[in-house]
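Chemist: Chains P and V, in that order, give the protein sequences. Numbering of the first sequence is given in full-length UniProt numbering, commencing with residue 1 and proceeding in unit increments. Numbering of the second sequence is given in full-length UniProt numbering, commencing with residue 1 and proceeding in unit increments.
Please note that a few of the clues may not be correct.
[What the hints assert, rightly or not] Computed far set for chain P versus chain V, every beta-carbon distance over 12 Å:
hint, residue
1, 90
2, 91
3, 167
[What the hints assert, rightly or not] A short, non-exhaustive set of chain V residues, derived as facing chain P with CB atoms under 10 Å:
hint, residue
4, 24
5, 30
6, 32
7, 35
8, 50
9, 53
Just so you know, these hints were derived from the structure itself, not from any lab. Glycine included, every Cβ here is placed at the ideal spot set by N, Cα and C.
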Amino acid sequence: MFERFTKEARAAVVEAQQVARGTRSATIDTRHLLASLSSTAGPAADALRAAGLDPAEVGARARRAVTEGEPLDAGALAAVGVDLDEVRRRTDEVFGAGALDRAGARTTRRGKHVPFTDDAKKALELSLREAVRLKDKGIDGRHLLLGILRADCPGGRVLQAALHDAGTDVAALRTAAERSARTAA
Amino acid sequence: MTEQTLVGAAAGDDPGEGLRAVRALRDLADRLETLQVERARGLGWSWQEIADGLGVSRQAVHKKHGRRL
């Protein structure tokens, strides 16, 4: 299946590994995939934009969805007397806004393989099916996006929420992704 | 959660809560290290100076941050 992925789609799948390492996740799910897809320039980001979304914002949302309640745990830090808000305020001041979160994403655990969850595998399979359905030869970022939308998965729910907040819906994004997939073919 | 157990968790007598705090502290320290090392390099600090600041060997700092910076 991977031999049919375009360079960009393959890069997004590889980058999802990096996202997962950055967030210290034990597995890669569709939120990691969505985060890497939306931060890579290409057809997926174009489709998001065409549907009225800001790809960078979608990526940030996906990362947030992953890190909420994970390692940098404000509650646990408060229990030992560390005020994370205060730490954040100071690091924003010295290193720029959002520095602490960016630093987390950059701390990579090299060499450790992070496995895909079943729903992420399912989304990848569905992206192949979307490509077949649209009679496209290669699987690119748009097909991955359609696969994530098709699968019942956490990444899909992040997209749904983003679309909802932007006053649009899944159908609009699906149409945007399908249309651009057609014109590119 | 009752008020009793909330207080217990904050005081650190619950191992689960205590371990979570250790993990969070480690993660926070890692992030601060990343930011500080990056900034120090940007300001022209040598790997040796950074290593001295962190109290580790130059090799250790370079191995951890060298590829990224």
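Chemist: Would residue 91 of chain P pass as off the interface with chain V, using Cβ distances and a cut of 12 Å?
Modeler: violated (6 Å)
Chemist: Residue 90 of chain P: least C-beta distance to chain V exceeds 12 Å?
Modeler: violated (10 Å)
Chemist: Would the stated hint for residue 53 of chain V survive a check requiring a Cβ distance to chain P of less than 10 Å?
Modeler: violated (16 Å)
Chemist: Tell me if residue 35 of chain V is really an interface residue toward chain P, meaning its C-beta lies closer than 10 Å to one of theirs.
Modeler: holds (5 Å)
Chemist: Per the CB criterion, is residue 50 of chain V less than 10 Å away from chain P?
Modeler: Check failed: Cβ of residue 50 of chain V comes no nearer than 16 Å to chain P, outside 10 Å.
Chemist: How about residue 30 of chain V: closest beta carbon in chain P under 10 Å, or not?
Modeler: holds (5 Å)
Chemist: Next item in the hint list is residue 32 of chain V. Is there a CB on chain P closer than 10 Å to its CB?
Modeler: holds (7 Å)
Chemist: Under the criterion of a CB-CB separation shorter than 10 Å, is residue 24 of chain V in contact with chain P as hinted?
Modeler: holds (4 Å)
Chemist: Going by Cβ atoms, does residue 167 of chain P stay more than 12 Å from chain V at every point?
Modeler: holds (35 Å)
This entry does not satisfy hints 1, 2, 8, 9, going by the numbered hints stated previously.
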